[in-house]
Amino acid sequence: MSTFVFKTAEANYTPVSNVFIDKFMPKARGEFVKVYLLGLKYCKSGELGVSSQIVASALHLLETDVLNAWNYWNDENVIKMVPVDNMGNYNIEFLDLSDRDNEKEDDINLLEELNKTSIKDMLEDIEKSLGRTLSSKEMTMYISWLNDFNFSPEIILLLVQYCALKGKTNSRYIEKTAISWFDAKIKDINDAQSFIKKHEDKWIKIRKILGYLGIKDGEIMKPQEDLLSKWIQAYNFSVEIIYKACDICFQRINKADFKYIDGILTSWNKDKIKTLEDIEKKDLKKVNKSNFKNVKRITENKSSKGTFNNFKQRNYDFKDLEKKLLGWDKND
Numbered sequence: 001m002s003t004f005v006f007k008t009a010e011a012n013y014t015p016v017s018n019v020f021i022d023k024f025m026p027k028a029r030g031e032f033v034k035v036y037l038l039g040l041k042y043c044k045s046g047e048l049g050v051s052s053q054i055v056a057s058a059l060h061l062l063e064t065d066v067l068n069a070w071n072y073w074n075d076e077n078v079i080k081m082v083p084v085d086n087m088g089n090y091n092i093e094f095l096d097l098s099d100r101d102n103e104k105e106d107d108i109n110l111l112e113e114l115n116k117t118s119i120k121d122m123l124e125d126i127e128k129s130l131g132r133t134l135s136s137k138e139m140t141m142y143i144s145w146l147n148d149f150n151f152s153p154e155i156i157l158l159l160v161q162y163c164a165l166k167g168k169t170n171s172r173y174i175e176k177t178a179i180s181w182f183d184a185k186i187k188d189i190n191d192a193q194s195f196i197k198k199h200e201d202k203w204i205k206i207r208k209i210l211g212y213l214g215i216k217d218g219e220i221m222k223p224q225e226d227l228l229s230k231w232i233q234a235y236n237f238s239v240e241i242i243y244k245a246c247d248i249c250f251q252r253i254n255k256a257d258f259k260y261i262d263g264i265l266t267s268w269n270k271d272k273i274k275t276l277e278d279i280e281k282k283d284l285k286k287v288n289k290s291n292f293k294n295v296k297r298i299t300e301n302k303s304s305k306g307t308f309n310n311f312k313q314r315n316y317d318f319k320d321l322e323k324k325l326l327g328w329d330k331n332d
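Residues 1 to 332 in the working numbering are what the sequence shown lists, from first letter to last.
Note that these hints are calculated values from the structure, not bench results. It cannot be assumed that every hint is accurate.
[Stated by the list, open to error] Now the in silico label distances, taken between C-beta atoms and shown as ranges:
1) K116 - S45: 49 to 59 Å
2) G131 - N190: 20 to 30 Å
3) S45 - N115: 45 to 55 Å
4) K80 - K274: 40 to 50 Å
[Claimed, not checked] Cross-link-like lysine to any residue pairs, in silico, SDA-like; alpha carbons within 20 Å at most:
5) K230 - N254
6) K244 - L227
7) K23 - K128
8) K41 - I119
9) K281 - I248
10) K187 - D226
11) K272 - A256
12) K274 - K216
13) K187 - I119
14) K166 - K198
15) K27 - Y173
16) K197 - I248
17) K176 - T140
18) K176 - L210
19) K270 - S229
20) K202 - Q224
21) K216 - I206
22) K244 - T266
23) K34 - S52
24) K168 - R207
25) K255 - K281
26) K27 - Q224
27) K128 - Y173
28) K197 - D226
In this text, a Cβ means the ideal position worked out from N, Cα and C, and glycines have one as well.
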């Protein structure tokens, strides 16, 4: 009896369901989409398994981002994620999405919605903020947020005005911002204003730090952004303190290294250093300690020299000694 083993030819492309692209991708966070696509590539190319560390490294994400992404897609019923042990290992099955194409979504009757005064006023104010007429697709998107995100018309208008002030008026950017507000659990105007202030204050500081390092904000990756956020929000360091850590980094290794700077700031945070004066005191204390050690070492070296230097010399009367040697003292 013969056995025939067929080798599956690996394709140099990864087939992605149109249902995923049309229905699930637009409302998902960018890093979640990247994790899904890379995982799908591994699956279709016959890869038996891959660690979260490898995925995170390939996509420049944190391992927690990878796990959050898989949990998100599992909740969306796009994959089936089953734990296999207590060590954080999982079986992941990519589900067939073709049957989702026929699922009926809650259709929005645009003409009916436009008869509502609050909806009509909201859309007119949005058009004024953007300086252009909305398409029917955009109108439907904004109206859907009332139910999908539980946003009030006031929150939606504030969101659009916030994006417009930043010069971002395309619908994709506005939708991405809406998703981030929904993830932040914004429920009312006060929540939205607090979120805007906190987010903008953080990015103002981030842009200053990146400018100090000679880096454009569009060039940083997610892990670098996470470090900057940690220094500003978790450690609550001022921009001047972070500048000082950057200066030390340049002095020691002659380049901008985020991990090196993070090491300095983590040490300062541990020592509860919050001001430039605290840094000077720490440096002075270090210098004094070093000087004390040097003085102590010199003193110990002197005391440990040979006993010849400690020998107490005697005082002699050489004339008297000479008389004794020649016997002249007997003639006296």
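| Does the structure break any of the earlier hints, and which numbers would those be? | Going through the list in order, the structure violates hints 5, 7, 8, 10, 11, 12, 16, 18, 25, 26 and respects the others.
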